[in-house]
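K.L.:
Numbering follows my numbering, in which position 97 of the sequence shown is assigned residue number 99; successive positions increment by one, without gaps.
Zero decoy hints are in this set.
Calculated pairs, EDC-like style, for lysine to aspartate or glutamate (alpha carbon to alpha carbon, straight line, at most 16 Å): (1) K77 / E168; (2) K37 / E78; (3) K90 / E114; (4) K90 / E105; (5) K28 / E78; (6) K28 / D109; (7) K90 / E117; (8) K28 / E117; (9) K37 / E73; (10) K77 / E158; (11) K120 / E105.
Each pair of labels, with its calculated beta carbon distance range: (12) P86 / H135: 23 to 33 Å; (13) E117 / L36: 18 to 28 Å; (14) S40 / V106: 14 to 24 Å; (15) E87 / R142: 33 to 43 Å; (16) E105 / G61: 38 to 48 Å; (17) H135 / K70: 16 to 26 Å; (18) T44 / E117: 27 to 37 Å; (19) G62 / S138: 19 to 29 Å; (20) R82 / K53: 20 to 30 Å.
Calculated from the structure, these hints are not laboratory results.
Yeah, the Cβ is synthetic: ideal placement off N, Cα and C, and Gly gets one too.
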Amino acid sequence: MEARSSLLLLGYRKRRPFAQLRPQVKALCRARALKRWSALLTQTKSRIGFKCGMRNRLGGANWCMFVKYAENYYKEAFVRALTPEIGKLCCNGKVDGTPCPKEVSIDLHTIEHTELGKILPGLHMDHTYDVGHICSVWSRALPREPAAWDDGICGELVAHLLFGTEDHVLKECTTRTKIIT
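Using the sequences and the hints given, assemble the complete structure.
P.N.:
Here's what the structure looks like:
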């Protein structure tokens, strides 16, 4: 085992602890994230299932399996993204560099929870890739009658594009700036 003093030479540094978010702020952020998740996936008229038509395209059983997969592998990270340790939330815009038109930036350590309740709904969580475009490509890539929600495609990548909050491992394997065209 390396001595603690030599760890700095290896690039390991002791992190300064971040200030804890106030419980009211954290609860408000979590509630907003859960609403966002529901609007994207689990509401009867969700954006992915209803508006993009994936519930009908996949069929009932496959849709349920997709929802279960997304909830098991992505929901907690999606919710945590709205309560970051650094205490700052902002819209970063699209991958191509197009800025967010609303330019929301929130310091969770200084904002009052009443003000946060007004601003938080304007924060976008799905700018990176257009959800409608992802679903369109996903739908076209599936066979006419899919045996599973990820029949013939990389389901992990599709789910990551829809719900991921960090870079995907495949990002390091390509020089392309866009994964879906």
